[in-house]
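Peer 1: Letter by letter, the chains look like this.
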Amino acid sequence: MKVTFPHMGNAWIVIQTLFESLNVEVVVPPVNSKQTLNLGTRLSPESACLPLKLNLGNYIEAAEEGADTIVITGGIGPCRFGYYGEMERQILWDAGYEYDVVTLEPPDGSLLGLAKRIRYLAGTNNSWTKILKSLRFAYLKSVALDRVEDAIHWARPRLSQPIETEKLYEEAKKRLAQTMTVKGVQDTVRWVQESIHERLKEGYLRSDGVNKPLRIGIIGEIYTILDPYTSLGLEKELGRLGVEVDRSIYLSGWVGNHVFQGLVPGYRSIQSYPSHAKPFLPHFVGGHGQETVGAAVKFAREGFDGIIQIFPLSCMPEIVAASVLPKVQETYKVPIMTLIVDEHSGQAGMQTRLEAFVDLLERPRLQRAIGQTRGEVFGVGGR
Amino acid sequence: MKIGFPRALFFFDYFPFWAGFFHCLGIEVVTSPATQRQIMEQGLKKVSDETCLPLKLLAGHIQALKDVDAIFLPRMVSVELDTYNCPKFLGIPESIVSAVPAGIPILTVVLNWRKGQRQVLKDLQIFGIQLEKSKLEIRKAFSEGQAWQKQYQDSMGAGWDFEESMRKIEDASKGLQHAPSVVESTPSIPVTVQTRERLRIALVGHSYLTQESYANRNLLGRLREKTEVELVQHVSQEDVDTNLLGLRKKLFWNHAKQIFGAGNKFVRDREIDGIIYLSCFGCGTDSLVQDMLARKAREQHKPYMVITLDEHSGEAGLVTRLEAFLDMLERRRTHESYVSTYGECLDRDSNTL
Chain A
0 MKVTFPHMGN AWIVIQTLFE SLNVEVVVPP VNSKQTLNLG TRLSPESACL
50 PLKLNLGNYI EAAEEGADTI VITGGIGPCR FGYYGEMERQ ILWDAGYEYD
100 VVTLEPPDGS LLGLAKRIRY LAGTNNSWTK ILKSLRFAYL KSVALDRVED
150 AIHWARPRLS QPIETEKLYE EAKKRLAQTM TVKGVQDTVR WVQESIHERL
200 KEGYLRSDGV NKPLRIGIIG EIYTILDPYT SLGLEKELGR LGVEVDRSIY
250 LSGWVGNHVF QGLVPGYRSI QSYPSHAKPF LPHFVGGHGQ ETVGAAVKFA
300 REGFDGIIQI FPLSCMPEIV AASVLPKVQE TYKVPIMTLI VDEHSGQAGM
350 QTRLEAFVDL LERPRLQRAI GQTRGEVFGV GGR
Chain B
0 MKIGFPRALF FFDYFPFWAG FFHCLGIEVV TSPATQRQIM EQGLKKVSDE
50 TCLPLKLLAG HIQALKDVDA IFLPRMVSVE LDTYNCPKFL GIPESIVSAV
100 PAGIPILTVV LNWRKGQRQV LKDLQIFGIQ LEKSKLEIRK AFSEGQAWQK
150 QYQDSMGAGW DFEESMRKIE DASKGLQHAP SVVESTPSIP VTVQTRERLR
200 IALVGHSYLT QESYANRNLL GRLREKTEVE LVQHVSQEDV DTNLLGLRKK
250 LFWNHAKQIF GAGNKFVRDR EIDGIIYLSC FGCGTDSLVQ DMLARKAREQ
300 HKPYMVITLD EHSGEAGLVT RLEAFLDMLE RRRTHESYVS TYGECLDRDS
350 NTL
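Chain order of the listed sequences is A and B. Mapped onto numbering that gives the first Met the number 0, the consecutive letters of the first sequence carry residue numbers 0 to 382. Mapped onto numbering that gives the first Met the number 0, the consecutive letters of the second sequence carry residue numbers 0 to 352.
Simulated from the structure, these hints should not be mistaken for lab results. Just so you know, not all the hints are guaranteed correct.
[What the hints assert, rightly or not] A few chain A residues that face chain B, going by a derived Cβ cut-off under 7 Å, partial list only:
1) 44
2) 47
3) 76
4) 77
5) 79
6) 82
7) 86
8) 282
9) 284
10) 285
11) 315
12) 318
13) 322
[Stated by the list, open to error] Derived DSBU-like pairs: lysine-lysine, alpha-carbon spacing no greater than 35 Å straight-line:
14) B/295 x A/1
15) B/295 x A/115
16) B/114 x A/326
17) A/326 x B/132
18) B/134 x A/277
19) B/248 x A/129
[Stated by the list, open to error] Example chain A residues on the side facing chain B (calculated, C-beta under 8 Å, incomplete):
20) 75
21) 288
22) 313
23) 316
Cβ coordinates follow ideal geometry from the N, Cα and C atoms, glycine included.
So that you can see chain A by itself, here it is in the shape it has in the complex (with noise of 0.2 Å):
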C-alpha cells in the first residue's frame, strides 16, 4: 500500500510526518502547478470547485509514482468537501485510475467504523498507543509550521531583500519536514525568529521612513487561503508591497477544530469566530461561511486596515458570507475586497487589483502624514 494524499499548502509536512512515524509508504504529489490543475481539471465536473480539480490532479501525479491509496477528510455538509472523497473515487475509476479511496470520517457517525479506517491505513504493527502519539508529534509540526509562517508574514514588509526572506522560509520548510524529534521542531522555529532579528539589523524594507506597515487580514475559504498557488501567492504579493497580513484561519486551527472535533485549540483557535459574527450571520452555513464573518468582525475591531476575502469560484458558503460582508464594513468602515479564482485565474489581474486596493489603503494614511484631508471623496466606507 501506498498512500496519497491531496495538496493543501503546506499540510504535505504535517501528513508526510504523521505516516513516516507510522511506517506507512506514502507518496507525496509534486506541488501544484499549472500541469496539476490542467490533468486535473480535465476529469471534473466543470462547475466542481477549484479544489476538487487540483485534488484530481494531485493523484494523478500520484499515480505515475506509484500511489495506490488516497486519504482524504470528510464531513456530512452542507459544504461540497464533505463529497470529495466519493466523488473523486467515481471520477478516478472512470478515468482508468484504480485507487482505493480511505475518508477519514465517522462512517453514518460510527466511531467504530473511523477506528477501522485508521487500522487499515496504519496497518497490524501499530499500536493505539504509537498511532496517538504520531498524531501528537504531526499536530506539534503543524503548530510549529504555523508559527514559521505567522514570523514570515511579520518579516515580509520589514526585512530588505525580500528573496532572502523567501529563501529562509523555504529552508525553515526544509527542516520541519526533515526533522523526527519534538526538539527539532521546537529549535526550527526560535531558529527562524533569530534569523528574522539579525536580518532587521541589515535594515527595512521601506525608505521613507513609514515603518508601520499596513495591516491586512486575509478572510475565506481554507483551501484558498493556505494553498498559495491556489491564491496566486497572494501573501508573498502583500508583503512584497509592504503589507503584513494575517489570516483567519491557520493550518493547525482547523486541524484541531475539524480533525480533533475540537479536543485541541491549534494555533489562533478558530472557536471564536462564530461568537463574532452572531450580529450579522447568527447561523452557520456550513464550510467556513460563519467563519468567515467572524474573522471579518474580530479583524476590523483589532483595526487593521483592509481585510481581503478569498475563495474559488461558485463556492456555497462563502458566497452567504460574500453577500453579509458589506454590512461589516459599512458597520466597521473597513474596506473589504472580495477575490475569486479558478482555473482561469492570472497572475496579472491579481497583482493589478491588490497594488490598487494597497494604493487605497495607503492613501488616507498619506493624506493625514502630510495633513490633507479630502473627506471621503478618496476613501471606500468612509475612510
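Knowing the structure of chain A, use the given hints to seat chain B on it.
Peer 2: The following block gives chain B in isolation, referenced to the frame of chain A:
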C-alpha cells in the same frame, strides 16, 4: 395581519406547509405574482452577482411584495433527518436583507428537522411569541401545516399540475373563512391516455427551476407539447430511497437526494427515452450530482442533456437544443436502438453523451 411570501426558492416545495400553518393562525398570506422580466431585473440589482439565479429571483420577488405588514423569510436548515438544504438556504435571511424594501420588517424562523420534531416545534413556538400566539395554537397550526403539506405531496402523481395545486392552496390560505378542504388529492387534470408514439422525457432538477416557467423559458410547457414528461416529484419516496441504496456515501443534501434518487430510477426505466437535467449556473450541489447522474446515464446508454440556466438564458438557444435532442431521440427510436457502437469509449470524456 398580512404577511408576504415570495414566490421563489422554498415556495416551490414548502409553501403548502407554511400556508396551512398561517391559515390556522388566522394570518393572511400574500404571495408575489409570477416571475416576469421586471421581477428578475429588480432582483439582479439587489444581490451579490456571485449567487445563483434562484436567489436573484427571490430578491426580485421580495421587492414585488406590496402592501404587506411583514415579509416571511424562513431559514430552512433541513427538512429531513441527516440532511441539509443548500448553504444558501441556511444564509437566508441575512444574505438577502439588502433586497427587502426599507420599513418592512422581516419575519424569520429556523426550521431544522435534523434534530427531530421536538426542536422544530420549539423553534416555531419561539416564533409564535413574535406573532403573539400561544404554544397550543402553534402546535395546532403545525399539525395543520403538516396535513396540508402531506395532502399536497400525495397529490403529486402523473398528470399532476403544479400551478393548479398551488392556486388551490393560495385560495385556501387567502379565504380565511373557508376550511382548507379545497386541497383535494385527486388530480385536476385527467391523466392523458399514454400513446406509445409520444416520447417520454424525464425532466430532473430543482423544483425551483423546473417549475419556474419564466426562468426556464417555459421548458416544461414546451416539453409537454411534444412529449410525455416525468418529473422528480412524480417518483414515490420509496422509489427514491431504493435508488439511493447503491451509493457508497450517503448524499447529505435533501434536494440532491431526491434528484439523484429519481434520476437513477429514470436512467434504469426502459420507458423513458431521454433525460434532461435542468441546472443553474453556480449551483454547488448540481455540479456534483449532475456528474454522478451523467455517469449512470452513460452506463445505461440513456440519452442525457444538461441545460444550465442563468439570467442571460436566451429562448432561441434553448429551443434549438431541445429540438435537436428530441429529433435525436425520435431517430434513435425509428432507426436503431443503440448509439453507434463504433469506438467504444467515444463518450468517456463528454459530459453529455
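Peer 1: All hints, please: hold or fail.
Peer 2: Results of checking the hints against the structure:
no. : hint          : result
1   : 44            : holds (4 Å)
2   : 47            : holds (5 Å)
3   : 76            : holds (4 Å)
4   : 77            : holds (4 Å)
5   : 79            : holds (5 Å)
6   : 82            : holds (6 Å)
7   : 86            : holds (5 Å)
8   : 282           : holds (6 Å)
9   : 284           : holds (4 Å)
10  : 285           : holds (4 Å)
11  : 315           : holds (4 Å)
12  : 318           : holds (5 Å)
13  : 322           : holds (4 Å)
14  : B/295 x A/1   : holds (30 Å)
15  : B/295 x A/115 : holds (30 Å)
16  : B/114 x A/326 : holds (31 Å)
17  : A/326 x B/132 : holds (32 Å)
18  : B/134 x A/277 : holds (27 Å)
19  : B/248 x A/129 : holds (30 Å)
20  : 75            : holds (5 Å)
21  : 288           : holds (6 Å)
22  : 313           : holds (5 Å)
23  : 316           : holds (5 Å)
The structure shown violates none of the earlier numbered hints.
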